[in-house]
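> All chains, full assembly: derive it from the sequences and hints.
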Amino acid sequence: MATLFGSGIKRREDPRLITGSATYTDDVKLPGMVYAMFVRSPYAHARIKSIDVAAARKAPGVVAVYTGKDVKDRLVPVPCAWNPPGCDLKVPPHPQLAWDKVRYVGDAVAMVIAETRAQVRDAVDLVEVDYDSLPATVDPEKATQKGAAQLHDEIPNNIAFIWKVAGGDAEAAFRSADASVKERIVQQRLLPTAMEPRAAVASYNRGSGQLTLWCTSQNPHIHRFLCSVMLKLPEHRVRVIAPEVGGGFGSKIPAYPDEALVSLAAMDLGRPVKWTEDRSENYKVTIHGRDHIEYVEMCGTRDGKITGLRTRVYAGLGGYASTAGPGIPTILHGLIYSGAYTIPNILGVIHGVYTNGTPVDAYRGAGRPEAAFLVERLVDIFARKIGMDPVEVRRKNFIPRDKFPYTTVTGLTYDSGNYEGALDKALGMLDYKTFRADQVRARKQNKYLGVGVVSYVEICGLGPSAVAGAVGFGAGLYDSAIVRVYPTGVVKVYIGASPHGQGEETTFAQIVADEFGYPVENVEIIHGDTDNTPQGWGTYGSRSTAVCGSAVKVAAVKLKEKARKLAAHLLEANEADLEWKDGKFQVKGSPDKAKGFAELALMANVAWNMPAGMEPGMEASAFFDPTNFVYPFGTHVCTVDVDIDTGEVKILRYIAVDDCGPPINPMIVDGQIHGGVVQGLGEALQEIAVYDNEGQLLTGTMMDYAVPRASQMPFLELAHTVTPSPVNLGVKGCGEAGTIASAACVVNAVTDALSPLGINHIDKPLTPARVWAAIQKAKGAKP
Amino acid sequence: MIPTSFDYVRAGSLKETLNLLAAGDGTKIIAGGHSLLPMMKFRLVQTPRLVDISRLEELRGITEHKKGARIGATTTYAELATSPILRERCPVVAEVAAEIADLQVRNRGTLGGGLAHADPASDMPAVMLALDAEFELRSKKAGKRSVKAREFFKGPFATAMTEDELFTGIVLGGMGRTAAAYESFDQAASGYALVGVCAVVARKRTAIAAITVAFTGLGEVQFLSPAFDRLVDTKGDRATLAQAALEAVKGVEIAGDLHAPAEYRRHLAQVAATRAVQKAYERAGA
Chain U
1 MATLFGSGIK RREDPRLITG SATYTDDVKL PGMVYAMFVR SPYAHARIKS IDVAAARKAP
61 GVVAVYTGKD VKDRLVPVPC AWNPPGCDLK VPPHPQLAWD KVRYVGDAVA MVIAETRAQV
121 RDAVDLVEVD YDSLPATVDP EKATQKGAAQ LHDEIPNNIA FIWKVAGGDA EAAFRSADAS
181 VKERIVQQRL LPTAMEPRAA VASYNRGSGQ LTLWCTSQNP HIHRFLCSVM LKLPEHRVRV
241 IAPEVGGGFG SKIPAYPDEA LVSLAAMDLG RPVKWTEDRS ENYKVTIHGR DHIEYVEMCG
301 TRDGKITGLR TRVYAGLGGY ASTAGPGIPT ILHGLIYSGA YTIPNILGVI HGVYTNGTPV
361 DAYRGAGRPE AAFLVERLVD IFARKIGMDP VEVRRKNFIP RDKFPYTTVT GLTYDSGNYE
421 GALDKALGML DYKTFRADQV RARKQNKYLG VGVVSYVEIC GLGPSAVAGA VGFGAGLYDS
481 AIVRVYPTGV VKVYIGASPH GQGEETTFAQ IVADEFGYPV ENVEIIHGDT DNTPQGWGTY
541 GSRSTAVCGS AVKVAAVKLK EKARKLAAHL LEANEADLEW KDGKFQVKGS PDKAKGFAEL
601 ALMANVAWNM PAGMEPGMEA SAFFDPTNFV YPFGTHVCTV DVDIDTGEVK ILRYIAVDDC
661 GPPINPMIVD GQIHGGVVQG LGEALQEIAV YDNEGQLLTG TMMDYAVPRA SQMPFLELAH
721 TVTPSPVNLG VKGCGEAGTI ASAACVVNAV TDALSPLGIN HIDKPLTPAR VWAAIQKAKG
781 AKP
Chain F
1 MIPTSFDYVR AGSLKETLNL LAAGDGTKII AGGHSLLPMM KFRLVQTPRL VDISRLEELR
61 GITEHKKGAR IGATTTYAEL ATSPILRERC PVVAEVAAEI ADLQVRNRGT LGGGLAHADP
121 ASDMPAVMLA LDAEFELRSK KAGKRSVKAR EFFKGPFATA MTEDELFTGI VLGGMGRTAA
181 AYESFDQAAS GYALVGVCAV VARKRTAIAA ITVAFTGLGE VQFLSPAFDR LVDTKGDRAT
241 LAQAALEAVK GVEIAGDLHA PAEYRRHLAQ VAATRAVQKA YERAGA
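Quick mapping for you: the protein sequence lines, in order, are chains U and F.
Heads up: the first sequence begins at 1 in the numbering used here, then just goes up one per residue.
Heads up: the second sequence begins at 1 in the numbering used here, then just goes up one per residue.
Hints are supplied without guarantee of correctness; some may be wrong.
Quick look at which bits of chain U chain F covers, simulated, 3 or more residues with Cβ under 8 Å [as the list claims (entries may be wrong)]:
{"id": "1", "segment": "110-123"}
{"id": "2", "segment": "760-771"}
Listed next, the in silico SDA-like pairs over lysine to any residue satisfying Cα-Cα at most 25 Å (straight line) [claimed, not checked]:
{"id": "3", "chain 1": "U", "residue 1": "LYS142", "chain 2": "F", "residue 2": "PRO261"}
{"id": "4", "chain 1": "U", "residue 1": "LYS593", "chain 2": "U", "residue 2": "GLN535"}
{"id": "5", "chain 1": "F", "residue 1": "LYS28", "chain 2": "U", "residue 2": "ARG117"}
{"id": "6", "chain 1": "U", "residue 1": "LYS779", "chain 2": "F", "residue 2": "GLU247"}
None of these hints come from the bench; they were simulated from the model.
If you're wondering where the values come from, they're calculated on a predicted model, not measured in any experiment.
Glycine included, each C-beta is placed from N, C-alpha and C at the ideal position.
Next up, the structure:
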């Protein structure tokens, strides 16, 4: 029987999504529902002198108005859940509604609730807030310097933490190296821009004391936990439902003030309360990504052996520490500094810095793209310095295929890898040698072609719970599944993960259907409701397939074993004489004596004739805690043509060779790679969130923030190598790979194209204006 | 993103529209709404009343007019892009229309609405200037009048229209022996022009007989540059063209922003002008 594992069947979630019959949070309508909206600070940094809500209270339809003083003693401040050890993290209180000071544009100061959306919109304009504006600081490096505005009185120089990663002796390596290079790299702030903005609907049953919160969540169990803390409610009185969620990219992991506030109002009013962001609100208050200023160095031998890597990083955290904020530029960033290479000496010093900007948290790749970017840029810059082909430098320093599992000097143990394999395949697809020859010819005609190569490794499948605890992550990282087989044999699987675009309703069903010898239609995957799914930790960090998918598999195998025992009993055969063939347990050599899984499920569910000691029913649960992370890898190659006259970058070819182990559904894997690469190309070429010196967000709408469009993107040539992970199903993550590789790939290609001008680095995004300015500067600098 | 409260009237006739505009109460006209509605949602525009003219048949459509064409104000960009009349008589208008925003916007957005809105970075005003278009305006008080594109654009979002006037149509004179080309560089997020240049060239054999060049996106308002007159009686050789392009943007006060510093815009304007003139020149010889 053909297996579904490995088959690119169509996504089963799509018919409802593309026909408009899916239910998102904003589609939830409840009797008596009222609407919330927030009064948000127009200042990045200011003291609140007074708030006058009298006129708003009297406005038509207004039901309630809350200020910070009304709620501060009733709610626990928004928690930060990641405290990396050994860095003395300082977490300031993050009130749901600011009552003394606002610390970024969009910081909420009041909540208005009215009968209709239009009424609440009118009423928020009637809340009069008197601010005393203060100087702002938005640059994470300058914010640490003398004279910078201070956000939190108890946190001098705005420094939240200084975290170090060290392995070997980097200082000695640099002292004795043949050659070294350094660069200042800015990894700009980005706006995650999920297609669906955030939303929440809270409903409270006064009779039962039960709060139900529908919200845009990547991890409803985490939201349940954090909301119960903020609201001081017992956790079993909080039910969180993430209905259809339109993308997250990390921005729907954290706990936010708004969810707690609408819940509080629903409890006070005894009426359901809905709040839905609009896009400009989303850009102001939903977390941002990246925001690093990095001083980076690499050293090595003249013949291309890398001996050391050193960084000093200033990572902006925004006005407050978001849920996972401090873990992103530390654990998920510094630990992967070795990349795909055997770098023996590494030192990274990361400063987490509060600034007058929107809080920064996980954004697709979360710390790992920043690491891959700086490592891969440095390899190119180092190669140029010693006059070697950057491909050869990569080859020379790769962790060899026969050295896995490999422990880096930063302490990670890579499970598996074949870095040369992916590199060879990608270069073969391009025909690297021919391109280099074309490049030389083109330069003679004043045409600037370039090729960029990136060989990345990422940490996925987060992760062993013991490691989560050891690195200060305030949650487990196992995941879970309940497989429930109905009397007619059809199956529902309740999972702890919370997919929101990744297609697990399809891939997980493929796993179960294979196990039971079923067509995929017999299996349905249920997720997102904390009242019917087992404890899990959500969908992020490319973890769900590797971790939750393994739990699904373990639970299904348990039932298969039960079915085998039941079959032996019913067929009056020895278990050892049974074989699973053509979707049935059959007595070896007697194909007519056979029982299919559906029939066995029926017999277990009616329990007329069970073996001694076997429980009725056909249901199993599993909690899967991986023994290690998984480490997908790959090589991306792109070629560009830079218009020297205008600074425009044209991508000629983009080749992605990714190894995420055996793909369960190759079409979905390719879709994830497509999306990831495009998000990285946006980062490389056009996306940047810009604050002015007063902390005003200048890119507050899509008229100024350039999310990539189909027409702006090149054709993507995808291929794979397959190196199974030894730790579970063999599968690895693929959700973030594209983003991790593509930004560096494009910048490497453009700087390669412009190497005749002596240009080593241009900060992304490589807008035509920036590239042109770099060209002008380089030309001016030439004699 | 909820606008302030307003009344909505679907106009049944031109007369009714003009009567409503004559009330002078800040009534706004809506056709495609692709510029107006976002501004209303941001509450940058607050109006007591919207009058929807999108169903007035007399304001819609493209007809032959002398050697050129007349375009009704509510003709959509999609209709412009696919019009056989324009493709034959004023192809540059169809070409530029086909590149505006995306298909959804082109299906709703209207040429008259866009011109009356007068965004300083939109493409069509430059095309209209270069083609020496005439705009038809109507009001209850003053009746019909006609204003040349060259007299129409006064500043950012400011035109020669009075508050009670309705933009009813565009008259294009046709290309005669000239050819036109439009070259632009777009802002990646909005799709508006960082800079756009429309050139109209007439040739006598290999020499340029007449030339008109209009710029958009550089400053407060689209403008025609006389600097290219020096190309008349030349073959538009590179050096002379570069000199003209340089002169055209010299002294122009150019606004820089986070997408393109002024210096870069000034440079792009020269590149766009050079490319547009060369293309129009080639087309005029074809």
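> With reference to the structure, classify each hint as holding or not holding.
Quick rundown of the hints versus the structure:
1. For the segment 110-123 of chain U, the proposed coverage by chain F is satisfied: 4 residues have a C-beta within less than 8 Å of a C-beta in that chain, meeting the threshold of three.
2. Residues of the segment 760-771 of chain U with a Cβ under 8 Å from some Cβ of chain F number 3, which satisfies the need for three, so the listed coverage holds.
3. At most 25 Å may separate the alpha-carbon atoms for a hinted pair to count; LYS142 of chain U and PRO261 of chain F meet this at roughly 24 Å.
4. Of the pairs offered as hints, the one joining LYS593 of chain U and GLN535 of chain U is violated, with about 40 Å between alpha carbons and a cut-off of 25 Å exceeded.
5. Proposed proximity of LYS28 of chain F and ARG117 of chain U is supported: the alpha carbons are some 24 Å apart, at most 25 Å.
6. Taking the CA atoms of LYS779 of chain U and GLU247 of chain F, the gap is about 23 Å. The hint holds against a cut of 25 Å.
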